[in-house]
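A.B. asks: If you read the protein sequences in the order shown, they are chains A and B.
Following my numbering from start to finish, the first sequence increments by one per residue and tops out at 272.
Following my numbering from start to finish, the second sequence increments by one per residue and tops out at 135.
It is possible that some hints are incorrect.
[Unchecked claim] Derived DSBU-like pairs: lysine-lysine, alpha-carbon spacing no greater than 35 Å straight-line: (1) A/Lys223 with A/Lys191; (2) A/Lys88 with A/Lys232; (3) B/Lys25 with A/Lys88; (4) B/Lys107 with B/Lys25; (5) A/Lys232 with A/Lys191; (6) A/Lys232 with B/Lys25.
Calculated from the structure, these hints are not laboratory results.
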Amino acid sequence: MTQGTTDRSFFTHNAAELAKQVQDGEVRAVARVISLLENRDPIGAAVLTHLSPSMNRAFVIGITGYPGTGKSTLIDQLIIAYRRLGQKVGVLAVDTSSPVTGGAVLGDRIRMQRHTDDPQVYIRSMATRGHQGGLAAATRQAIRVLEGAAYGVILIETVGVGQNELDVMHVVHTVVAVVAPGLGDDIQAMKAGLLEIADIVVVNKGDREGADATLRDLREWCKTVIRTVAVKGEGIAGLIAVIAEHERWRDLDSPELHKRRGLSIDLGTRAG
Amino acid sequence: MTVAATPLRILIGKVGLDGHDRGVKLVARALRDAGVEIIYTGLHQSPEQIVTTAIQEDVQAIGLSIHSGAHNSLFPRVLGLLREQGAGDIVLFGGGIIPDEDVPRLKAAGVQMLFRPATPMHDIVEFVNGLRTER
Ligand SMILES: Nc1nc2c(ncn2[C@@H]2O[C@H](COP(=O)(O)OP(=O)(O)OP(=O)(O)O)[C@@H](O)[C@H]2O)c(=O)[nH]1
Ligand SMILES: [Mg+2]
Numbered sequence: 001m002t003q004g005t006t007d008r009s010f011f012t013h014n015a016a017e018l019a020k021q022v023q024d025g026e027v028r029a030v031a032r033v034i035s036l037l038e039n040r041d042p043i044g045a046a047v048l049t050h051l052s053p054s055m056n057r058a059f060v061i062g063i064t065g066y067p068g069t070g071k072s073t074l075i076d077q078l079i080i081a082y083r084r085l086g087q088k089v090g091v092l093a094v095d096t097s098s099p100v101t102g103g104a105v106l107g108d109r110i111r112m113q114r115h116t117d118d119p120q121v122y123i124r125s126m127a128t129r130g131h132q133g134g135l136a137a138a139t140r141q142a143i144r145v146l147e148g149a150a151y152g153v154i155l156i157e158t159v160g161v162g163q164n165e166l167d168v169m170h171v172v173h174t175v176v177a178v179v180a181p182g183l184g185d186d187i188q189a190m191k192a193g194l195l196e197i198a199d200i201v202v203v204n205k206g207d208r209e210g211a212d213a214t215l216r217d218l219r220e221w222c223k224t225v226i227r228t229v230a231v232k233g234e235g236i237a238g239l240i241a242v243i244a245e246h247e248r249w250r251d252l253d254s255p256e257l258h259k260r261r262g263l264s265i266d267l268g269t270r271a272g
Numbered sequence: 001m002t003v004a005a006t007p008l009r010i011l012i013g014k015v016g017l018d019g020h021d022r023g024v025k026l027v028a029r030a031l032r033d034a035g036v037e038i039i040y041t042g043l044h045q046s047p048e049q050i051v052t053t054a055i056q057e058d059v060q061a062i063g064l065s066i067h068s069g070a071h072n073s074l075f076p077r078v079l080g081l082l083r084e085q086g087a088g089d090i091v092l093f094g095g096g097i098i099p100d101e102d103v104p105r106l107k108a109a110g111v112q113m114l115f116r117p118a119t120p121m122h123d124i125v126e127f128v129n130g131l132r133t134e135r
């Protein structure tokens, strides 16, 4: 083997030093600390104790929904929108590990690769490594790392969920559930589960047949329903607006407020 | 920390202009089946995108498929960028249609392994598994 390939000299094992690098926004340190946390290395947890909790000002937004509804494509568009607002954006995209081999093919970021050239955007793929609930065990801690590195907007893509993978509601401020037209009976199933935890429901693929019917159906059930066409960037401004509104509620008052479901925002229900 | 408990993370992607991704997808799947976490970037990546992605994802290695004939510029470019970013520890390997006479030069430049198009999947898996003990 070639000399030098195992050189990890940039990397310090000193938790305080690593925490400082994270707070300076050093991407290698951010990435490495997230790995330490994923690997349950005690240094990772030690780094967290050095990150000041007062920096907890980020928007933390969860994007969840059935497989293939357009979560990653939507995040690609949200990155554009938040970058225009001058925000530094972090993305944690969670995908499933094989229960048999422990391996995974993490492909969410394919749809976001154009942002790789933007140093103010950090994208990290996380495998579930056997953790149930739609997130990886270390996702919550990884959010703290990104907050420590002053990412103002943190977007979490859950695995393509079914009914019972609802952990995201415990780690983010705003839950966005993405559905696609033509769900039929699935909508009934979602009413117990996904739609219950959603602060905002997005009907993506609004260009598809059946979008109007799906919107009508969901609006009877949820207060804030937005139509988007993520592949074309349509409806994103409206989505950003209702997310901001929701986050403002949380800022205004008790932490309980952001848990209130079905927040009514007129702007949103007409957008798209 | 035991190495075995920690899956390898490997970036698999395609740089350059050619649009064939069947081969890399098969490699990605075979490595997943060997317990590796694959970060798949898709097609048409620039060397800059590859290196930034590798750093953001904290991978141990990058596997690139190049069928466009531009291997003599693309591989060294990736290696150069890795070193510039202080990430020279990330292993680079590759595959594609690469003439025999180019192989020694690329290896000397720092490409750790080059696989021919018809390489048995087993050999690639074995090579990647070998990276585990290196860390
Ligand atoms: N017609 C149409 N297709 C879309 C739209 N948004 C996304 N797609 C397509 O839907 C497919 C899935 O999109 P993704 O963004 O990968 O969906 P996802 O929910 O992240 O998928 P998983 O992570 O695998 O669950 C892709 O082929 C997208 O191009 C849309 O607004 N309209
Ligand atoms: Mg996705």
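A.B. asks: All the hints need checking, so say for each whether the structure fits it.
C.D. replies: Taking the hints in turn, this is what the structure says about them:
1. With a C-alpha separation of about 13 Å, the suggested pairing of A/Lys223 with A/Lys191 holds against the 35 Å cut-off.
2. Between A/Lys88 and A/Lys232 the CA atoms are separated by roughly 23 Å; this keeps the pair inside 35 Å, and the hint holds.
3. For a cut-off of 35 Å, the pair hint linking B/Lys25 to A/Lys88 stands: about 32 Å separates their Cα positions.
4. For the suggested pair B/Lys107 and B/Lys25, the alpha carbons sit about 24 Å apart, so the restraint of at most 35 Å is met.
5. Distance hint between A/Lys232 and A/Lys191 is fulfilled; the C-alpha atoms sit about 28 Å from each other, no more than 35 Å.
6. For the given pair, A/Lys232 sits about 27 Å from B/Lys25 by alpha-carbon distance, which is consistent with the 35 Å threshold.
Going through the hint list in order, the structure satisfies each hint without exception.
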